[in-house]
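Order-wise, the sequence lines are chains Y and Z. In this text, residue positions in the first sequence follow my numbering: the first is 57, and each later residue adds one. In this text, residue positions in the second sequence follow my numbering: the first is 57, and each later residue adds one.
No copy labels: a pair is met if it fits in one copy or bridges any two.
Heads up, simulated DMTMM-like pairs for lysine to aspartate or glutamate below, C-alpha to C-alpha not over 25 Å straight-line:
1. 384 <-> 247
2. 186 <-> 336
3. 370 <-> 400
4. 63 <-> 210
5. 391 <-> 344
6. 309 <-> 255
7. 63 <-> 247
8. 397 <-> 354
9. 312 <-> 152
10. 397 <-> 87
11. 370 <-> 273
Just so you know, the hints here were simulated from the structure itself, not pulled from any lab data. Note that the coordinates shown come from a computational prediction; the quantities given were computed from them, not determined experimentally.
For reference, the chains in residue letters:
2 protein chains.
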Amino acid sequence: MEKTSGKRHHVVVVGAGFGGLDVVNGFSDADVDITIIDRRNYHLFQPLLYQVAGASLSTSEIAWPIRYLFRNRRNVLTLMAEVQGVDIEARQVNLDNGSSVGYDTLVLATGATHAYFGRDEWEPYAPGLKTLEDAATIRGRILSAFEGAERTGDPLTRAALQTFVIIGGGPTGVELAGTISELAKDTLAHDFRSIAPRDTRVVLIEAGARLLPAFPEKLSDYTRQALEKIGVEVALGSPVTECSSDGVIVAGKQLKAKTIIWAAGVQASPAARWLGAESDRAGRVIVEPDLTVPGHPDIFVIGDTAASKMSDGKFVPGIAPAAKQQGKYVAKLIKRRLKGKGGEEPFNYKHQGNLATIGRSLAVIHMGRLKLRGAIAWWIWKLAHIYFLIGARNRLSVALSWAWNHSVGYRGSRLIMRTSEYRKHPGE
Amino acid sequence: MEKTSGKRHHVVVVGAGFGGLDVVNGFSDADVDITIIDRRNYHLFQPLLYQVAGASLSTSEIAWPIRYLFRNRRNVLTLMAEVQGVDIEARQVNLDNGSSVGYDTLVLATGATHAYFGRDEWEPYAPGLKTLEDAATIRGRILSAFEGAERTGDPLTRAALQTFVIIGGGPTGVELAGTISELAKDTLAHDFRSIAPRDTRVVLIEAGARLLPAFPEKLSDYTRQALEKIGVEVALGSPVTECSSDGVIVAGKQLKAKTIIWAAGVQASPAARWLGAESDRAGRVIVEPDLTVPGHPDIFVIGDTAASKMSDGKFVPGIAPAAKQQGKYVAKLIKRRLKGKGGEEPFNYKHQGNLATIGRSLAVIHMGRLKLRGAIAWWIWKLAHIYFLIGARNRLSVALSWAWNHSVGYRGSRLIMRTSEYRKHPGE
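With the hints as constraints, model all of the structure from the sequences given.
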C-alpha cells in the first residue's frame with residue numbers, strides 16, 4: 057500500500073458497484089492516488105442477476121474482476137478486503153486482515169442488501185437476490201425442485217415442489233416471476249417424463265395495491281396482465297405473514313411451496329454505523345446536498361447506502377443510473393476542490409426512467425412523458441443492457457446467450473452446484 | 057417412475073459420464089426403457105475441468121443438463137439421485153430419497169474420485185480436481201492467494217501466497233501447472249500494483265521418475281523442459297510426506313505454500329461395495345471380459361470404476377475414450393442378447409492415444425507410432441476437444457473463450473465465489 061500513501065491526494069473508494077466504479081472513472085485525468093476496496097474481486101452487473109437465477113446467463117457473464125477493469129490505471133490500487141470500520145480521527149479505513157488504509161478523501165459506496173423487516177428467520181426459506189451466490193443458490197433450488205418432482209411418487213409433494221413463490225412485486229420480483237414461468241413452460245417442457253413442467257405454479261405476491269409502484273399505474277396494470285398471460289399468478293394487497301419449509305401464509309391462507317424467493321425489502325450497508333452518522337429507517341446515511349456526511353466534508357456517501365434528498369423533497373431512488381450520476385458528481389467535486397475552486401453545485405439527480413422486463417419478450421419503460429410497453433420496450437431494454445455491459449467479450453457473450461436462448465429456448469447454465477461440496481480453506 | 061416399469065426390457069444406467077452417456081446413446085434405435093441416474097443434473101466434460109480451475113472457462117461451458125441431452129429420447133428417464141446401494145436379489149437400485157428403481161439390466165458407470173493414499177486429512181489443504189465445485193474451489197484459492205499477496209505487508213506471507221504447489225505429474229498436474237503459471241505471468245501481470253505476479257512460483261511435484269508416465273519417455277522429457285520454459289519448477293522423484301496450511305514437506309524439505317492442489321491418486325466409486333464384488337487396490341470392480349460382474353450377467357461395470365484386463369494382461373486405462381468404447385460395447389451386447397443372438401465377442405479396447413496440453417500453446421500427443429509435440433500437437437488437441445464438446449452452443453462458446461483468451465490474454469471467469477455464502481436449503 058506504501059505506493060499510494062505518497063504526497064499526492066489519496067482518494068479511497070469503498071465498494072465497486074456502479075457508484076464506486078464511476079468515482080474511479082471520474083479521476084482518469086486527475087493527478088491523485090486512488091484505492092478502491094471491495095470484499096469481492098469483481099464488479100457485479102446486478103440488473104441481470106435475475107437471469108443467472110433463471111439459468112439464462114452464467115455467473116461469469118455478468119461479473120468482471122475489478123483490478124482487470126483498472127489494469128491500465130497505474131494510479132489505482134485495487135484491494136479485495138472487508139471493511140471493519142472507519143477511524144474518522146486517524147482518517148483511515150480498517151480492514152478485516154488487521155491492516156488499514158489512510159485517506160485524504162473517503163467515498164463510501166457500499167450498497168444495500170435484502171431485508172426481512174425483522175423476520176430474519178425467514179432467510180433460509182426465502183433467499184434474496186443480491187449476490188452471485190444468491191443467484192446460484194436460487195437457480196439451484198428452482199432446478200432441484202423440478203428434479204425432486206420428477207423423482208417423487210407423492211402428488212402432494214410434487215405439487216409443492218412445482219410451486220414457486222416470489223415475494224415482492226418490484227422489478228426484481230416481476231423479472232424473476234417471468235423468467236421462472238418461462239423456464240418451466242418453455243425450456244424444461246420437453247425434458248421431463250414423470251412430471252409436466254406446465255403444471256408449475258409461479259405465484260408473485262405483493263403486499264401493496266399494484267406491481268412496479270415506481271411506474272405509472274397503467275404500466276403496472278399492463279405488467280400484471282402480461283405476467284398472467286405467461287402463466288404467473290399475481291396476488292396483490294396480500295401481505296405474507298409466515299415463511300417456512302412448507303411454504304408461506306399469505307392473506308391468512310397457507311400456500312404450500314418448496315421454493316420461495318424474497319424480492320421485497322432492502323437494507324443499507326453498515327456505512328452509517330462505521331461513521332456514527334445519522335441514518336434513515338433503511339439504514340441509509342443521511343447526506344448533505346453535496347453527498348458529504350454532515351460535519352465531514354472529506355467523507356462522501358453515494359448509491360444505495362446514501363439517503364440523498366432531491367429539491368422536491370423526495371429521495372434519490374436506489375437504482376444504477378442514480379449511483380452512477382452520484383459517482384461522477386463526487387469525482388468532479390473532489391477535483392474542483394483540489395484545484396481550489398469553489399462554487400460547488402449541489403448534486404442534482406436527472407431521472408432517466410424506469411425499465412423492467414416481463415419474461416422473454418416483453419418489457420415496460422417509463423421515461424418522463426414516454427410510456428413504452430411490449431416488444432418494442434423489450435428490445436430497447438435488451439440493447440440498453442448489452443450496451444451498458446462492461447467489456448466487449450461480455451457484450452458478445454451475453455448477446456450470444458440471449459440470441460441462443462431466444463431462438464433455441466435453451467438456457468446456458470442449468471447447473472445445480474453442490475453448495476455443501478465447496479471446500480472452504482481451513483484458513484478462510 | 058411407473059412409466060418405465062412396463063413390459064419392455066428396462067436398462068438402468070448409473071452415472072452420466074462419458075461411459076454412461078454412450079450406453080444410453082447406444083440404445084437410440086432399440087425398443088427398451090432406459091433410466092439414467094446421476095447425483096448431478098449435468099454431464100461434466102472432465103478433460104477441460106483444469107481450465108475452469110485456471111479461470112479460462114466458466115463452469116457452464118463444460119457441463120450440460122443430462123435431461124436436456126436426452127430430451128428427444130422419449131424412452132429415456134433421467135433421475136437426479138444419489139445411489140445408496142444395489143439390491144441384487146430384488147434387482148433394484150436404492151436411491152437416497154428412500155425410493156428404488158427396478159432393473160432388468162444394470163450398468164454401473166460411477167467413475168472415480170481423487171484419493172490421498174490413506175492421508176485423507178490432507179484434503180482440506182490440497183483439494184483435488186474432479187468436480188465443478190473442486191474447480192471453483194481451486195480457482196477461488198488461486199485468485200484469493202494473489203489478492204492476499206497484494207494486501208499483505210509481510211514479504212514472507214507474500215512469498216507463501218505466491219507459491220503454488222501441484223502434487224502429481226500426470227496430465228492433470230501438468231495441465232494445472234501450465235495454466236497457473238501462465239495465469240500469473242500473462243493474465244495477471246498488469247493487474248497488480250504491490251506485487252509482481254512474475255514472482256509467482258509454480259512447483260509441480262512428482263514422486264515418480266518422470267512426468268506423464270503413460271507417454272513415451274521422450275515426450276515426458278519434452279514436457280518437463282516445456283514447463284520449465286514457462287516458469288514451472290518441476291521436482292521429480294520427490295514424494296510429499298506432509299501437507300498443512302503452511303505448505304508441504306517434499307523430499308524432507310519444507311516448502312512454504314498457501315495453495316496446494318492434489319493431482320496424484322484416484323479411487324474408484326463404491327460400486328464394488330454396492331455389489332459385494334471383488335475389487336482391486338483402487339477399489340475398481342474386477343469384471344469379466346464382457347464387462348459383466350462375475351456371476352451376474354445382468355450387471356455391467358464400465359469406465360473408471362471397472363478393472364478390465366486386456367489380452368496383453370494390462371488394464372484398460374481410466375480415460376474418456378476407453379469409457380466411451382465400453383459404453384458402446386455394452387449397449388451393443390445387451391441388444392444382441394435381447395435379439396437372442398449369441399457369439400458375444402469380449403470387449404477389446406482400441407487405444408487411440410494420449411494427449412496433454414502444456415500451457416496455452418503447446419501439447420504432446422502419442423498415437424501408436426505417432427509422437428507429436430509443440431504447437432501442432434496443441435492445435436490438434438484444441439480441435440479434438442472442441443469437436444468432442446457436446447452441443448453447438450458450447451462448442452461455439454468454448455471456441456470463443458479460447459480465441460479471446462489467446463488473443464487478448466483475458467480469462468473469462470476470474471471470479472472468487474464466497475463458498476461460505478451459498479445458502480443451503482434447510483431441507484437439503
